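*Asks:* Given chain A, work out where chain B should sit, using these hints.
Line order of the protein sequences matches chains A and B.
Going by the working numbering, the first residue of the first sequence is number 149, and it counts up by one from there.
Going by the working numbering, the first residue of the second sequence is number 36, and it counts up by one from there.
Each hint should be verified, as a subset may be incorrect.
Per label pair, the in silico range of CB-to-CB distance [what the hints assert, rightly or not]:
1) Ala452/A / Arg192/B: 26 to 34 Å
2) Pro90/B / Ser435/A: 39 to 47 Å
3) Ala139/B / Leu432/A: 19 to 27 Å
4) Val249/B / Ser435/A: 21 to 29 Å
5) Thr428/A / Val249/B: 23 to 31 Å
6) Ala457/A / Ala54/B: 19 to 27 Å
7) Lys552/A / Ser180/B: 49 to 57 Å
8) Thr380/A / Arg127/B: 51 to 59 Å
In short, the hints are calculated from the structure, not lab data.
No experiment lies behind these values; they were computed from the predicted model shown.
Every residue, glycine too, gets a C-beta built ideally from N, C-alpha and C.
Listed below are the residues making up each chain.
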Amino acid sequence: MCPLPRLEGERKSGAICNTYFAPCPKLLGSTAFRHALLYTVLSMGSVLVLLGFIYWATAGYMDGQTDETIEAEIRGLAEQYQRRGLAGLTAVIAERVGRDQEGASVYLLTDGDFTPIVGNLNRWPDAPVTSEGWTRFRLLEWGRDKSEEHEARARTFLLRGGLHLLVGRDVRDLEATRRLILNALGGGLLITAALALGIGLLMSSRVLGRIEAINQTGREIMEGDLSRRVPTDGSGDDFDQLASNLNRMLERIEELIGAVRQVSDNIAHDLRTPLTRLRTRLELARSDDPEQTREAVDQAIGDAEELLATFNALLRIARIESGSRRSAVTDLDLSELVRDVGDLYEPLAADKGQTLNIETGGALTIRGDRDLLFQAVANLVDNAIKYSPEGGRIRLSTRDSEGKAEVAVSDTGPGIPLGLREKVFQRFFRTDDSRSTPGSGLGLSLVRAVADLHGAKIELGDSGPGLRAVLCFDRKRD
Amino acid sequence: MRVLLIEDDQQVVAYLQKALNEVGAVVDHAGDGREGLLMAASADYDVLVIDRMLPRLDGLAIVRTLRASGSRTPVLVLSALGEVDDRVEGLRAGGDDYLVKPFAFAELHARLEALLRRGTGDTSKSRFQVANLEMDLLARTVTRSGKEIQLQPREFRLLEYLVRHAGQVVTRTMLLENVWDYHFDPQTNVIDVHISRLRAKIDRGFQPPLLHTVRGAGYMLRDRH
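Here chain A stands alone, though its shape is the one from the complex (with noise of 0.2 Å):
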């Protein structure tokens, strides 16, 4: 947390204070001042590398040039010493001695006791000298009204004879110009040290900043407020999809908590009153009359395994909607699975005078949970039949229907009213005409959890009179 204590009205503008006041620990330790640390060194190592090679190809070049130079002119004297002997090598030397005025050049003719002979230096270097004959020494200019301290570069050669030849460049200039570059090469190394911190702070700050804003809307959410959301700037940059995206999933979390609380309430409604009752009974129990306790025992059992039976259902329902059971999946012809479950309820409907058309055509072979799906299509017709009235027709019919299979369950029931086509699929959910029949409220809950398993559609719609439910699967592809 920032040390400095908050002034009102910055509440939301953390980030800023972070950033004006940049010994802020919070900063240092971020992720983003240590990316903006890393690009800085990383800046400094590429420019680094860059103004190396360009270092190498300036002053290395004009070194190579000089030593070139150097090479040619000492083998041309060698040469005029080989054609004309010392007189000849003395006469040039002494020549160009003469044409050097500036004295950017060196030479010196010393005989085998290095003895000068001829040149414009009073005696042999006593610098080292490498193998091939090179060497770097210091020589003290005068003659002029100044007296400078210069650096020479030379090379020295031994003539037959024993004679020593050196001949060298005043590497001055050459040596001015290279303490040039050295210097704006390292002046940029730092200008770019400064602007990458620089740059990096500015940025990792804005991040941060960005950062800051979604931490924040976090907290106030987690202290209760549920409806806030990441502030956006409809940039469409990262940061915006980011939060874009964090608000979709919150509105979805507020959505689903909604749902929570919906089921919750009815749950507690709905299980309030077999409770009630079971407990009114035990209480009945609790008489003299062994027989009526026995019958009263007897009665509270039932209503205990009515609201297991409930439980059951409801965490069925929640195992089949998250997918766990994989195990029971085969092939099966949904056409005969249809016709069974008719079977299973004509009698039924057959008591309370309905007529139940089973009308099913031939094999409609899909990939799915035998159990599961006999369930569904089970619990429709029981709907079917519980909601329609004596002497009410129920329909069971399957089709085949472009690579798609049908089964459609109607009724001459009362139908479900169009608004409320949603909301029956919801746990415990029971229109107002259906309070009073007899049931769990999770019927057609289980019927969209194993459509959803299976990648099926429930559809609900008008019978004319009636319901007409209907579940298309996708066929399996032969």
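*Replies:* Same frame as chain A, but now just chain B:
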């Protein structure tokens, strides 16, 4: 009946031991999977009742091991509430029947009796008789006191199951599983209506009444003299 009960829930054990003793069964008990497997493998029992959730070795593993070693003792698998849909898994592992807790003792008893009879009975029998009711599975005829009764195919199958388990309690779930070959929970008393119809056909106008309702359990076909 010699029963081995492999169950770790003490309450269930106490309840079952008492109830089974009352109906004349001898009950041995193991409290965890490994002990249960050992006992099952080292002694002869008429039927095994094995809970799925056990410490040290789970119920289905015990069943698989027993079957793999050649044991043909009938097994009834007990499972916790909510796992009613795992019946297939339990049967596939080698179990013969599957019951979800909590259950009425009558249901358990009826199923154990049925398992026993399945184990010892003569399944090739094709003619059955209960009092003056005769059933010929090959000829597909049913007569009572010599008079032929016309039954629809499903009614015939229903009577066949009852006759095969004559004298035993047959629960609604057992009928659903064996006569209709589906395992599901009916919302209404759909089975009862089938039984009523069958009863109307085979009992009405005849003596003695054979198809009885056993309160709190199911039905039974029996000559109650």
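*Asks:* Determine for every hint whether it applies to the structure shown.
*Replies:* To see whether the hints hold, each was checked on the structure:
1. Ala452/A / Arg192/B: 26 to 34 Å: Holds, at about 32 Å.
2. Pro90/B / Ser435/A: 39 to 47 Å: Holds - the Cβ-Cβ distance for proline 90/B and serine 435/A, about 43 Å, lies within 39 to 47 Å.
3. Ala139/B / Leu432/A: 19 to 27 Å: holds (21 Å)
4. Val249/B / Ser435/A: 21 to 29 Å: holds (25 Å)
5. Thr428/A / Val249/B: 23 to 31 Å: holds (27 Å)
6. Ala457/A / Ala54/B: 19 to 27 Å: holds (22 Å)
7. Lys552/A / Ser180/B: 49 to 57 Å: Roughly 54 Å apart at Cβ, these two residues keep to the hinted range, so it holds.
8. Thr380/A / Arg127/B: 51 to 59 Å: holds (53 Å)
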